[in-house]
Amino acid sequence: MPRGEHWWPVASAVLVAALLHVALPRSYRESPSWVLPVLMVVLLAVLIGADPGRIDRQARWLRVVTDLVIAFITLANLTAAAILVADILTGSKLYADNATGLLATGGVVWATNVIAFALWYWDLDRGGAAARAHRPFADPAFVFPEMQPQQGTSPAWVPVFVDYLALAFWTSSSFGPADTSPVKPWAKLLMITQSAVSLVVAALVIARAINILK
Numbered sequence: 515m516p517r518g519e520h521w522w523p524v525a526s527a528v529l530v531a532a533l534l535h536v537a538l539p540r541s542y543r544e545s546p547s548w549v550l551p552v553l554m555v556v557l558l559a560v561l562i563g564a565d566p567g568r569i570d571r572q573a574r575w576l577r578v579v580t581d582l583v584i585a586f587i588t589l590a591n592l593t594a595a596a597i598l599v600a601d602i603l604t605g606s607k608l609y610a611d612n613a614t615g616l617l618a619t620g621g622v623v624w625a626t627n628v629i630a631f632a633l634w635y636w637d638l639d640r641g642g643a644a645a646r647a648h649r650p651f652a653d654p655a656f657v658f659p660e661m662q663p664q665q666g667t668s669p670a671w672v673p674v675f676v677d678y679l680a681l682a683f684w685t686s687s688s689f690g691p692a693d694t695s696p697v698k699p700w701a702k703l704l705m706i707t708q709s710a711v712s713l714v715v716a717a718l719v720i721a722r723a724i725n726i727l728k
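Just so we're aligned, residue 515 is where the sequence shown starts under my numbering, counting upward by one.
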């Protein structure tokens with residue numbers, strides 16, 4: 515069986531995050547607005563070019579570049595979330611009578627938050643995707659249902675990006691772990707951070723939108 519994950523799920527997530535960033539209002543993006551999306555695409559191309567096919571090349575610089583891509587997505591989205599919260603709390607004219615625009619912006623921030631933390635979980639668990647290709651069962655940070663013998667899955671089952679994406683989605687939806695349990699302190703703190711961002715954005719956006727509609 516070939517080792518390592520395919521690039522396309524991760525690459526798709528990064529590209530979607532870049533497109534979502536472009537969809538934000540101009541005041542929520544850095545200037546010039548094309549810098550971050552182009553930078554993410556270039557760094558992604560570097561990663562795929564240096565480790566083509568399946569993700570299995572272990573090199574420190576590749577981990578650094580991967581971390582940079584995820585950090586750029588995370589910081590840009592946290593900045594957008596902070597601006598959105600500030601606009602809501604200060605009664606910005608941007609959403610004075612535009613509930614649709616408010617919900618759309620909140621949805622973009624929420625969705626990007628899911629992608630960003632899914633990428634962090636995927637990159638940090640068991641040393642990253644390349645490390646999991648060589649040492650798939652070494653020191654996991656998350657216990658997935660498929661890892662339990664009674665689930666009937668193969669003993670060789672190893673999580674891939676879609677599993678971390680599902681974890682991030684449910685964390686943002688239910689504001690806590692669903693069927694996957696974090697077992698490392700950093701994993702618990704990361705999930706707390708993701709839940710907090712999602713909770714604040716969702717609560718304020720929905721409350722403000724209802725107020726506008728009234």
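Among the hints, a few may not be true.
[What the hints assert, rightly or not] The calculated label-pair distances, taken between Cβ atoms and stated as ranges, are: (1) PRO699 <-> ASP570: 25 to 31 angstroms; (2) PHE689 <-> VAL578: 30 to 36 angstroms; (3) ALA537 <-> LEU603: 21 to 27 angstroms; (4) LEU582 <-> ILE724: 36 to 42 angstroms; (5) ALA610 <-> HIS520: 42 to 48 angstroms; (6) LEU533 <-> GLU660: 15 to 21 angstroms; (7) VAL530 <-> SER606: 25 to 31 angstroms; (8) GLY605 <-> VAL697: 39 to 45 angstroms; (9) ILE726 <-> ALA537: 18 to 24 angstroms; (10) PRO659 <-> PRO699: 17 to 23 angstroms; (11) TRP575 <-> THR614: 40 to 46 angstroms.
Think of the hints as simulated: they come from the structure by calculation, not from any bench. From the three backbone atoms N, C-alpha and C, an ideal C-beta is built for every residue, glycine too.
Outcome of the hint check:
Against the hinted window of 25 to 31 angstroms, the Cβ-Cβ separation of PRO699 and ASP570 comes to about 28 angstroms, which satisfies the hint. Taking the beta carbon of each, PHE689 and VAL578 are about 32 angstroms apart, inside 30 to 36 angstroms as hinted. The hinted window of 21 to 27 angstroms between ALA537 and LEU603 holds, with their beta carbons roughly 23 angstroms apart. A hinted range of 36 to 42 angstroms for the beta carbons of LEU582 and ILE724 is consistent with their spacing of about 39 angstroms.
About 46 angstroms separates the C-beta atoms of ALA610 and HIS520, a value consistent with the hinted range of 42 to 48 angstroms. At about 31 angstroms, the beta-carbon gap between LEU533 and GLU660 misses the expected band of 15 to 21 angstroms. For VAL530 paired with SER606, a C-beta distance near 27 angstroms keeps the hint of 25 to 31 angstroms intact. Between GLY605 and VAL697 the C-beta distance comes to about 43 angstroms, which sits within the given range of 39 to 45 angstroms.
As the Cβ distance of ILE726 to ALA537 is approximately 20 angstroms, the hint placing it in 18 to 24 angstroms holds. Under the hint 17 to 23 angstroms, the C-beta atoms of PRO659 and PRO699, about 22 angstroms apart, fit the expected range. Roughly 44 angstroms separates the CB atoms of TRP575 and THR614, a value that falls within the hinted 40 to 46 angstroms.
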